[in-house]
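Asks: Given next are the chains, with one letter for each unit.
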Amino acid sequence: MKIGALLLFFSTLLCVSVFAESTIEIEKRVLAMKNFPCMKCHTQKDQLQVLKKMTFPLNKPHSELTFKHMPTVKNCYTCHNKDNLNTLHLFNKSTISFDQSYQLCSQCHGEKKRDWGLGIHGRQMGSWNEKKFRFTCVSCHDPHRPKFKQMRADPAPQHPNRKGGHHE
Amino acid sequence: MSEQNDSKDPEQNAAHDKRQGRFQALAEKALNAPIKRRSFLTNILGMTATAAAATVVPVKKASAFSFEKFFQKHYKELTPQQKKDVFARIARETKQEYGRAINLQDPPALKGVKFAYCLDLSTCNGSRKCVTACAQENNIPAEIGSYIKVIEMPIGSLNPEKGTIFYQGKSVPKDGKYYLPVQCNHCDNAPCIKVCPVEATWKEADGIVVVDYDWCIGCRYCQAACPYEARHFNFKKPTIDASNMNTQQAYLSNRVRPKGVMEKCTFCLQRTRKGQYPACLEACPTGARKFGNILDKDSEVNQIFRNKRVFVLKEELNTMPQFFYYFG
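Chains P and X are the protein sequences, given in the same order.
The first sequence begins at 1 in my numbering and counts up by one.
The second sequence begins at 169 in my numbering and counts up by one.
If we strip away everything but chain X, and leave its shape as in the complex, we get:
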């Protein structure tokens, strides 16, 4: 496969200014090359892709099944050129489906960074602003709601079963209650990663647990394994308000998910890997949320570790969460 890619790139570069010549050359190459099962199919795919790009094809409805997607490799095995093609396909499909031009990126994990999140439970007032901001930033359909659940808990208890996430709040915080927001804990010893039969989910170098939506088979093992109910399943095609869509998207994060795959909080990696804070943090009206690089001794999270008593949820499960709570 790699041999073929190497031979394909210089040829494409040479024929870049002459699109017709390029198409012909590709066609010839496909016909002349000794026929292997794999190269035959990929050559045909390459031809159709370049043909679609070269000539302006009238917009068709994006079909549920596409050859490109079917033969797409695992994210970690994609070459830069293949990544480019995949991103172009996703952008094209989103344009066809929702009529929005998206900026699909793939920011790499930053070196020397390990993300951690801290949340001050004595400051959180349960206003659910983070919940709304999360849904907006990550293009989450109404069926899923949000990656964040805010549990209203009676003061004096840390048992989530005593709380409710369905509280209505005309004026929060209520007397005798405190609020426990729960989202993906980005565990260092994540049960969801262990159970995945196809390795469609993994932990990145900067500590973010991500899902390759195109590799996920939708078995929902990870949903069953996660003790924090952080994973969500697309039972049907997500209903997204196209006019309200966030067009700054990333492949591993907030791009529009297909039907039948898992999705989860990614610490807004489309934002955080570019230096921004996550959307939930910026939306928080009380400043209860703190995010940063735990390896940087001047960061807020590192200072919280030095000065406060932090705890994690369900410590006894040895999941080693990177989402910490403290009373400020």
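One chain only, chain P, in its complex shape:
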């Protein structure tokens, strides 16, 4: 009786530990999106009709949005689901949530998706031997203009000859 209870306890412990080791938490995009849910505004039928013929710049709150991903793609509904804007859709017409947006990216960027799945590409937080928190593609790359933005570098080390290091 006692041994059985003990066995059960350790087996559950083992299960939990094995589960914890293999757990990689993927970032939830829905929580990070500013205007989510989209259907908050995009509800009316006529508005959806307007959205069909889009010209940049878009109306507020998407006025800052520019599209520099693929020169041939002009249609928002290549990725966004026209019928339910809270979701995205793949080329095979299956609907996915914004949390699974990496599936959408992987349709073209298969090699990067593989690397990302192995933890080679992209940022990861957490612990190297335990639980990891993995960022998705869109937390670093804006899907509408995915090239990584240029940023300001932190100050340079001091040059031994010229104080302040005035180069260039």
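Accuracy of the hints is not assured; some may be wrong.
Restricting the straight-line Cα-Cα distance to at most 30 angstroms, the calculated cross-link-like pairs of lysine-lysine (DSSO-like) are [stated by the list, open to error]: (1) X:K297 <-> P:K28; (2) X:K342 <-> P:K147; (3) X:K317 <-> P:K132; (4) X:K338 <-> P:K112; (5) P:K132 <-> X:K371; (6) P:K113 <-> P:K34; (7) P:K113 <-> X:K282.
Covered stretches of chain X (chain P as the covering partner; in silico rule of three or more C-beta atoms under 8 angstroms from a C-beta of chain P) [claimed, not checked]: (8) 295-302; (9) 312-325; (10) 332-340.
By construction, these hints were calculated from the structure, which means they are not laboratory data.
Note that the structure is a prediction, hence the values are computed from the model and not measured.
Beta carbons: idealized from backbone N, C-alpha and C, even for Gly.
Fit chain X to the given chain P structure using the hints.
Replies: Relative to chain P, chain X alone:
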């Protein structure tokens, strides 16, 4: 020496609740014991240490010379009790000097772990966030700057002499450049360890090359021997902003270094031996840095080995670095 330590421990335990009695007992023991050169000195030291702990002595300026430090043994020869005393002394000195209470630890090397670092050169954008994070995490004074150097290199060259570390960047990455961050490579066949005349630096079981700052004599041979310019010397007493100090410190890693010793990157062992990622990795905005246990087949570094072509710097020197570069 060991005989004395053995006899000292149970006595201390017994007298723990009566501090005055303990002091007396120690004093008596010191007077009654047959006088040997070594035990005489250590007994006196033990007395002064317990006296300082028992009675609240008004804070004095920490002097550059302390008997405790002078007679301190090599890190590998310290007994657990001696380690405890040493850590208490360091914490006390830091408190006196900088007014900050530190949590000084000594996490041991993890079993079955060999740390390796991989860096994706096609992703690094030269933003120097790692450089800043490193300086903050490891309490590095401004004179040294950081353990990481980011070299701005012209595309098409792997010769570090063609690059510069003094680039200014309002917007990086610049056209026609790539960025090569260099830090300690934690070599398996490290020249810096070979040249040290006092064995103040060694490779730990998990692959981290560390320095015992209290054993280092400051000869700078290792700085001359290192082909990666990974070692840095404290020419003067480090100037540290006490209010900004990282108080989570480790003996072999980011504690405040004295004047005249070498220091280097330790893969943030105060973090990594507790399971965290190094500070430079967490600061990297592009995710170019990858760290983990090379023996674990599911780790990122192991996967990089399987799927990418990795290379090391100055391979011809046969230093066997554990810091790998790849183009992702």
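Asks: Each hint should be assessed against the structure and marked as holding or not.
Replies: Status of the hints after comparison with the structure:
no.: 1; hint: X:K297 <-> P:K28; verdict: holds (25 angstroms)
no.: 2; hint: X:K342 <-> P:K147; verdict: holds (14 angstroms)
no.: 3; hint: X:K317 <-> P:K132; verdict: holds (28 angstroms)
no.: 4; hint: X:K338 <-> P:K112; verdict: holds (29 angstroms)
no.: 5; hint: P:K132 <-> X:K371; verdict: holds (28 angstroms)
no.: 6; hint: P:K113 <-> P:K34; verdict: holds (25 angstroms)
no.: 7; hint: P:K113 <-> X:K282; verdict: holds (27 angstroms)
no.: 8; hint: 295-302; verdict: holds (count 5)
no.: 9; hint: 312-325; verdict: holds (count 3)
no.: 10; hint: 332-340; verdict: holds (count 9)
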